[in-house]
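Respectively, the protein sequence lines represent chains Z and R. Heads up, the first sequence is in this note's numbering, so the first residue is 1 and it goes up one at a time. Heads up, the second sequence is in this note's numbering, so the first residue is 411 and it goes up one at a time.
One or more of the hints may lead you astray.
Capping the alpha-carbon separation at 25 Å, the derived lysine-lysine pairs in BS3-like fashion look like this [as the list claims (entries may be wrong)]:
#, chain 1, residue 1, chain 2, residue 2
1, Z, 174, Z, 53
2, R, 440, Z, 356
3, R, 560, R, 681
4, R, 519, Z, 53
5, Z, 356, Z, 6
6, Z, 6, Z, 174
Label-pair ranges, simulated between beta-carbon atoms [unchecked claim]:
#, chain 1, residue 1, chain 2, residue 2, range
7, R, 814, Z, 263, 52 to 62 Å
8, Z, 297, R, 479, 47 to 57 Å
9, Z, 297, R, 745, 41 to 51 Å
10, Z, 126, R, 580, 33 to 43 Å
11, R, 411, Z, 337, 53 to 63 Å
12, R, 411, Z, 65, 45 to 55 Å
13, Z, 403, R, 708, 32 to 42 Å
14, R, 630, Z, 12, 54 to 64 Å
15, Z, 4, R, 772, 10 to 20 Å
16, R, 707, Z, 296, 22 to 32 Å
17, Z, 386, R, 475, 51 to 61 Å
Simulated from the structure, these hints should not be mistaken for lab results. For every residue, glycine included, the Cβ atom is placed at its ideal position computed from N, Cα and C.
Number of protein chains: 2
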Amino acid sequence: MPVNLKAPVAQDLAPVAGIRIGVTEAGVRKANRKDVTVFLLDEGSHVAGVFTKNRFCAAPVQICREHLASHSQSIRAIVINTGNANAGTGADGLARAHATCDALAGLLKINAQQVLPFSTGVIMEPLPVDRITAGLPAAIADAQPGHWAKAAEGIMTTDTLPKAFSASATVAGKTVQVTGISKGAGMIRPNMATMLSFLGTDAAISPELMPALAKTLADQSFNRITIDGDTSTNDSFVVVATNQAGNAPITDWNTADGQALMAALREVAQKLAQAIVRDGEGATKFIQIEVEQGRTEEECRLVAYAIAHSPLVKTAFFASDPNLGRILAAVGYAGIDDLDQTQIELYLDDVHVATKGGRNPSYQEADGQRVMKQQEIVVRVQLGRGSASTQLWTCDLSHDYVSINADYRS
Amino acid sequence: MPVNLKAPVAQDLAPVAGIRIGVTEAGVRKANRKDVTVFLLDEGSHVAGVFTKNRFCAAPVQICREHLASHSQSIRAIVINTGNANAGTGADGLARAHATCDALAGLLKINAQQVLPFSTGVIMEPLPVDRITAGLPAAIADAQPGHWAKAAEGIMTTDTLPKAFSASATVAGKTVQVTGISKGAGMIRPNMATMLSFLGTDAAISPELMPALAKTLADQSFNRITIDGDTSTNDSFVVVATNQAGNAPITDWNTADGQALMAALREVAQKLAQAIVRDGEGATKFIQIEVEQGRTEEECRLVAYAIAHSPLVKTAFFASDPNLGRILAAVGYAGIDDLDQTQIELYLDDVHVATKGGRNPSYQEADGQRVMKQQEIVVRVQLGRGSASTQLWTCDLSHDYVSINADYRS
Chain Z
1 MPVNLKAPVA QDLAPVAGIR IGVTEAGVRK ANRKDVTVFL LDEGSHVAGV
51 FTKNRFCAAP VQICREHLAS HSQSIRAIVI NTGNANAGTG ADGLARAHAT
101 CDALAGLLKI NAQQVLPFST GVIMEPLPVD RITAGLPAAI ADAQPGHWAK
151 AAEGIMTTDT LPKAFSASAT VAGKTVQVTG ISKGAGMIRP NMATMLSFLG
201 TDAAISPELM PALAKTLADQ SFNRITIDGD TSTNDSFVVV ATNQAGNAPI
251 TDWNTADGQA LMAALREVAQ KLAQAIVRDG EGATKFIQIE VEQGRTEEEC
301 RLVAYAIAHS PLVKTAFFAS DPNLGRILAA VGYAGIDDLD QTQIELYLDD
351 VHVATKGGRN PSYQEADGQR VMKQQEIVVR VQLGRGSAST QLWTCDLSHD
401 YVSINADYRS
Chain R
411 MPVNLKAPVA QDLAPVAGIR IGVTEAGVRK ANRKDVTVFL LDEGSHVAGV
461 FTKNRFCAAP VQICREHLAS HSQSIRAIVI NTGNANAGTG ADGLARAHAT
511 CDALAGLLKI NAQQVLPFST GVIMEPLPVD RITAGLPAAI ADAQPGHWAK
561 AAEGIMTTDT LPKAFSASAT VAGKTVQVTG ISKGAGMIRP NMATMLSFLG
611 TDAAISPELM PALAKTLADQ SFNRITIDGD TSTNDSFVVV ATNQAGNAPI
661 TDWNTADGQA LMAALREVAQ KLAQAIVRDG EGATKFIQIE VEQGRTEEEC
711 RLVAYAIAHS PLVKTAFFAS DPNLGRILAA VGYAGIDDLD QTQIELYLDD
761 VHVATKGGRN PSYQEADGQR VMKQQEIVVR VQLGRGSAST QLWTCDLSHD
811 YVSINADYRS
């Protein structure tokens, strides 16, 4: 059961002028599933993306990188299939991903390099490109601005709920919309799947700001979540700005307009990222880890990930066991060579559990137990060596995680 | 149930001249448990050790480092208690560990700096030093050369079996003995525990070689195992050479005598390390991961640990699911930035499952399935970029792992 997450209501999601979305059932792997989604972008849209760092990256990721390098200001379509990740498929996989782009470009009368392909599902199986291309006309025919909720459903693999959020901002007197969808945390049954997210805004943004924007947003959202530390071969996050809201293009984020728009973009990206954790495999708790007083953000991140990835810490959360030793031990082995344990402070929500690296004399286990029983928990570690900080979001490690991932591929 | 591991038989363990071992029930945490063990070393023994890199290292680890820095050629006693790790205990914990050394030194009429203290058990609780010191006279009275099996039992926490092995070698015409014990993989219920290992030999070894010897042996044994990636606050490995075998002291490992002795030492250290994995929490499989053809041993290690720590890979082993994608994905995110996926070869035992980064055309899933059902599995990855290699040992991730670690501390 997802932790404090509900399916989006279609009416709550604002269309983004310049983006139409169509979804169809192409039978990629199973019948009667929405498994091919297309985003059709008006001319004038600018696109940026960040992609998995996994060196075993999938064929579509390689093609997205190429097409964005040359055509980021003229991308006109995005095509996403579920059921097959087209990863670990070598040269043949690249050819099949190119064939998908070619087919969609032919139907839309655009260049194949104006198409970004995405795939998620089983890996090391040949992409059934014929079924995908056969489904494209129906997907195009279905295209509507109001289909964000349908798209959130169309890109699901083993997510238990679709994930979509909207926000708006006032930029130079104009209301701009931000809407996005995401799917699937980390690596998912039946094989491994993928985090995919697509975020659109009608705001006008100077094209030079776009590549850094995708990176900035990812660093504050999708790069701050972890389910199990596994990094998929297909992870992708794409931002589309259609430039149709009529605002003067943002050229600097350090302006009132820039900050208003950035806040709306960040809000949606963070909600989409957190939704992935809330729907993490077997998750029963949503945990925010805050690491403060580091010398650098990087060392704060090391500590936060050590805590978030420790199977012992994660099972303690599952058990609602205020097992402080496990958290402190993870801090200790995070990789800060000159860490002074006598400077460490640890809080569970409002409860001050450890001070100067040892148990806080006034700490009562009943207080720790109370916090650990919550569905949402904040773990705060102070390193006492500087002023940098970071935060990330994770979930617990439950019996269901093992069951889900130990099930034989279906 | 441990994987292919049996309790040692006392008669199979060779005494080491110059080492006597005594064990007692001191009631450190629970009654009727062997929980305090002393090693009494004859004058002339030389000692070296390697210790946890966790910055939250326990008080006894800090004291061991100090005492070895000044007295490695005159250590006369080792004292180990279970039931309490004396970690996360600050200045008070250091004082209590010193008090243990003082008490044992007083009874043995030696200097406190000639004692090495070790603790394992719950953390962030005050060490019950009075109970430990009260038990020391009985432990000393119990001291016998033949008590290695008893010591293996005396240092157990939640290990399901004691772990002890012997080997011998002929060095300059003399038979030398090597015997060692170990306990507890990674972090263990009820809180977190510790890997401890003590290895003794009667061989004469030049004292200058000792510190590097402990490191060399650990790098080939205990530094090649992982259960869950968690590093305890107390991990310690100690080598004692009593110099009583009558051989001319080893001054160079690159001699026939040096290599014969090193082989025996390595054999025992590796068996002790592997025994920890075989008895890992919830383990049902023993997995050897071999990474070959790397540019450096370090990058091979990155890949091996990425595979060994992936919860998805580990659950696939538990499920006997030949889920190759998970292994290849772990190779991909291990951190080799310029890894070329088209060069990767993957074998499960004798089965060649992936070639040039994709599925081997001749691979049959039934063959992968056959290997995955075994209790012992070799995973071999070839990176195709050099001639370095490494190997490590790990276990699977089972429901029992979650159950054991999610149980509330008892």
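Outcome of the hint check:
no.	hint	verdict
1	Z:174 / Z:53	violated, 37 Å
2	R:440 / Z:356	violated, 29 Å
3	R:560 / R:681	holds, 18 Å
4	R:519 / Z:53	violated, 61 Å
5	Z:356 / Z:6	violated, 41 Å
6	Z:6 / Z:174	violated, 30 Å
7	R:814 / Z:263: 52 to 62 Å	violated, 45 Å
8	Z:297 / R:479: 47 to 57 Å	violated, 35 Å
9	Z:297 / R:745: 41 to 51 Å	violated, 19 Å
10	Z:126 / R:580: 33 to 43 Å	violated, 59 Å
11	R:411 / Z:337: 53 to 63 Å	violated, 39 Å
12	R:411 / Z:65: 45 to 55 Å	holds, 48 Å
13	Z:403 / R:708: 32 to 42 Å	holds, 36 Å
14	R:630 / Z:12: 54 to 64 Å	holds, 60 Å
15	Z:4 / R:772: 10 to 20 Å	violated, 49 Å
16	R:707 / Z:296: 22 to 32 Å	holds, 28 Å
17	Z:386 / R:475: 51 to 61 Å	violated, 27 Å
Violated hints for the displayed structure, listed by number in ascending order: 1, 2, 4, 5, 6, 7, 8, 9, 10, 11, 15 and 17.
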